[in-house]
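K.L.:
Taking the hints into account, I'd like the entire structure generated from these sequences.
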Amino acid sequence: MLEIKNLHARIEGEEVEILKGINLTINKGEKHAIMGPNGGGKSTLSKVIAGHPAYEVTDGEVLFNGENILEMDPEERARLGVFLAFQYPVEVPGVSNATFLRQAYNSIQKSKGGEELDPLEFDDYIREQLKVVEMDPAFLDRAVNTGFSGGEKKRNEILQMAVLQPLLSVLDETDSGLDIDALRIVADGINKLFTPEKAVLMITHYQRMLNYIEPDFVHVLVKGKIVKSGGKELALELEERGYDWILADVHTNGAVK
Amino acid sequence: MQAKETLQSLIQNHSFQLEFLSDYRNAALERFKSIKFPTNRDEEWRFLNLKDIARADFKLSTASNIQVDVTPYLLEEAIDSTLVFVNGFFRQDLSRIENLPKGACLKTFSDAGEPQYNELETHLGSLIHPKDDFFVELNSAIVDNGVLVFIPKETKFESPVHILNLVTKEAEGAVIAPRCVILADAFAKATIIEDFIGLGEFEYLNIPVAEIRMAEGAHLQHYRIQRESKKAFHINRLGTKVDQNADYQSYTIHFGAKVSRSDVRADLTGEQSNSILDGLVLINGEQESDTHTLMHHQQPNCTSHQLHKVVVDDKAHSVFNGKIWVDQIAQKTDSFQENRNILLSDNGTVDTKPQLEIFADDVRCSHGATVGQLDEEEVFYLKSRGLDELTSKELLIYGYALEVIENLEVESLKKQLSAYVSTYAHQVTEHLPA
Chain G
1 MLEIKNLHAR
11 IEGEEVEILK
21 GINLTINKGE
31 KHAIMGPNGG
41 GKSTLSKVIA
51 GHPAYEVTDG
61 EVLFNGENIL
71 EMDPEERARL
81 GVFLAFQYPV
91 EVPGVSNATF
101 LRQAYNSIQK
111 SKGGEELDPL
121 EFDDYIREQL
131 KVVEMDPAFL
141 DRAVNTGFSG
151 GEKKRNEILQ
161 MAVLQPLLSV
171 LDETDSGLDI
181 DALRIVADGI
191 NKLFTPEKAV
201 LMITHYQRML
211 NYIEPDFVHV
221 LVKGKIVKSG
231 GKELALELEE
241 RGYDWILADV
251 HTNGAVK
Chain S
1 MQAKETLQSL
11 IQNHSFQLEF
21 LSDYRNAALE
31 RFKSIKFPTN
41 RDEEWRFLNL
51 KDIARADFKL
61 STASNIQVDV
71 TPYLLEEAID
81 STLVFVNGFF
91 RQDLSRIENL
101 PKGACLKTFS
111 DAGEPQYNEL
121 ETHLGSLIHP
131 KDDFFVELNS
141 AIVDNGVLVF
151 IPKETKFESP
161 VHILNLVTKE
171 AEGAVIAPRC
181 VILADAFAKA
191 TIIEDFIGLG
201 EFEYLNIPVA
211 EIRMAEGAHL
221 QHYRIQRESK
231 KAFHINRLGT
241 KVDQNADYQS
251 YTIHFGAKVS
261 RSDVRADLTG
271 EQSNSILDGL
281 VLINGEQESD
291 THTLMHHQQP
301 NCTSHQLHKV
311 VVDDKAHSVF
321 NGKIWVDQIA
331 QKTDSFQENR
341 NILLSDNGTV
351 DTKPQLEIFA
361 DDVRCSHGAT
371 VGQLDEEEVF
381 YLKSRGLDEL
391 TSKELLIYGY
401 ALEVIENLEV
411 ESLKKQLSAY
421 VSTYAHQVTE
431 HLPA
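Note that the protein sequences, when read in sequence, are chains G and S. Residues 1 to 257, numbered by the working numbering, are exactly what the first sequence covers, in order. Residues 1 to 434, numbered by the working numbering, are exactly what the second sequence covers, in order.
It is worth saying that the hints were derived from the structure and are not from the lab. Be a bit skeptical, because a hint or two may be false.
Computed list of lysine-lysine pairs in DSS-like fashion (alpha-carbon distance at most 30 Å, straight line) [unchecked claim]:
| hint | chain 1 | residue 1 | chain 2 | residue 2 |
| --- | --- | --- | --- | --- |
| 1 | S | Lys169 | S | Lys415 |
| 2 | G | Lys153 | S | Lys414 |
| 3 | S | Lys415 | G | Lys153 |
| 4 | S | Lys315 | S | Lys230 |
These numbers were taken from a predicted model, which means no experiment stands behind them.
P.N.:
The following block contains the structure:
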């Protein structure tokens with residue numbers, strides 16, 4: 001589904017590369033986790049996949065179902081089925097969640113030639129999706145993320161994922177800022193939305209999210225490169241031993257400058 | 001403006017309706033004679049383009065009984081408390097005032113009756129500063145049948161009051177001078193909407209003046225909605241006195257007029273009073289809109305809030321000059337002021353000048369101004385959900401403006417204004433580079 005080949009990227013206008021040759025393949029039906037110390041490029045990778053304009057790709061390819069998406073606008077990627085759950089969801093005052101979600105849903109439906117929903121039809125549809133993240137319908141009338149607690153914002157991201165039904169969901173530190181109960185609800189929601197036709201890429205610092213959503217593959221991203229990949233047991237090992245042993249390993253072998 | 005002598009002789013030969021205001025008018029006319037038409041050399045008028053007003057020859061508006069369909073502008077919540085003025089003249093046939101609380105007054109000056117004339121003469125002009133302003137004195141020199149609102153002690157107006165000022169094509173080229181005096185007695189509560197609407201695209205000069213006196217513990221929501229003709233000139237002035245524990249919440253919305261100017265002054269004259277002076281300005285084309293405010297903290301422990309939001313497109317020009325003045329005695333003042341501007345075009349202009357003058361030493365005051373484009377992170381967020389660039393920007397502009405509208409507590413008005421905001425947002429994003 002997603003093939004990242006030798007991806008290099010930097011912040012537009014800056015010299016230093018943040019991503020220095022990422023290679024990663026995600027097939028449908030797979031759940032991947034990317035872990036790694038701060039500043040390694042995890043969030044950058046997620047934003048580059050989603051098409052954030054602040055980043056410039058200097059080399060490499062990102063193929064989504066065989067199509068290079070790097071030249072596409074974020075909305076085109078979204079319409080193909082790429083979704084990014086933001087680490088820091090943006091507040092949009094004055095625009096109700098319901099209006100926003102319906103417009104987003106309809107724009108994606110339209111591009112697929114699917115059926116667009118009017119406000120009443122959409123209301124029925126979204127009430128079902130609310131249950132996925134156990135959200136109160138009152139959230140629909142509130143302005144997007146405005147005045148939401150950290151946990152509410154993260155839940156709202158997963159609600160959007162439920163509504164838009166993407167093929168690939170990139171979850172950027174969706175677990176951060178969540179208490180135990182909220183984490184369980186959010187993780188349950190993500191699991192419920194998963195099908196063999198879909199894929200998930202989780203970016204996280206902690207094992208705790210992976211206790212709920214079991215990854216098939218775990219990758220360690222350090223200084224712009226994936227330096228180690230393994231199964232779910234790698235996450236447990238990282239939890240136990242931290243990153244130092246990997247960093248030491250990397251330095252001795254000269255994998256990262 | 002034509003030679004002032006011509007205007008003066010028009011005024012001197014005009015037959016006014018209300019005889020009892022003739023002294024007041026004449027005194028104002030005398031003062032008016034000695035005032036020069038303002039220019040950009042006057043600090044108070046530095047940024048606003050007054051040339052088009054200077055060039056025009058205005059006549060005085062005259063009464064007529066033309067048919068006007070007011071239904072599109074009526075607010076269902078205010079259906080029993082609506083006063084309609086057409087071209088500055090009260091229209092009994094279009095107005096409706098029913099079920100007012102006992103002792104309350106919601107009348108035109110002419111209907112107020114003898115006992116209230118004295119009251120009126122006491123208050124008229126008492127809260128307007130400076131007195132030597134060209135447009136204020138012009139209003140006073142031709143003031144006729146305005147509105148007097150009196151909310152008695154511990155009384156609440158259940159329905160909002162809607163003062164609808166409509167201007168029709170018959171008033172093309174005319175000066176219109178609405179006047180409003182609002183007196184809220186102790187612990188009174190009301191919502192007052194002053195609504196200025198031009199029915200078509202033609203030139204006129206509207207110069208409304210309003211004065212509000214709030215006694216201890218009174219609560220007022222005051223909305224001033226300016227949706228004049230896009231060729232009109234609108235220059236309004238408002239003065240409010242807020243006594244102890246009183247709460248004055250003012251929302252000024254400017255959508256229309258070719259040139260508009262709003263001067264708002266709130267005097268916090270009693271301890272623990274609160275004042276909000278929020279504003280929203282949406283302009284494009286060659287519109288110019290200038291807002292001057294003064295929040296004057298004269299007593300300790302008062303709070304004030306001012307959020308003035310502006311969107312400028314095309315060659316439009318916005319001016320904001322907001323002053324917070326804190327007297328030495330006004331300790332523990334807590335005051336917030338922010339002017340936020342979104343500039344969508346290369347040819348638009350924003351002038352902003354937030355000012356603090358603090359003479360007390362134990363206060364919390366913040367002020368600031370921003371001018372910028374739409375936030376890139378916000379645009380990316382919406383686009384990442386499948387919305388295209390223009391739809392994302394349209395939604396963000398809509399939301400930005402609606403944040404002010406949402407504070408209004410009259411649903412049908414909110415609906416009318418939201419519809420306008422939506423049209424505006426669509427219009428200004430249509431030609432943005434995608």
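K.L.:
So, for every hint listed, does it hold in this structure?
P.N.:
Status of the hints after comparison with the structure:
no. : hint                  : in the structure
1   : Lys169(S) x Lys415(S) : 26 Å, holds
2   : Lys153(G) x Lys414(S) : 27 Å, holds
3   : Lys415(S) x Lys153(G) : 28 Å, holds
4   : Lys315(S) x Lys230(S) : 14 Å, holds
Hint violations for this structure: none, all hints satisfied.
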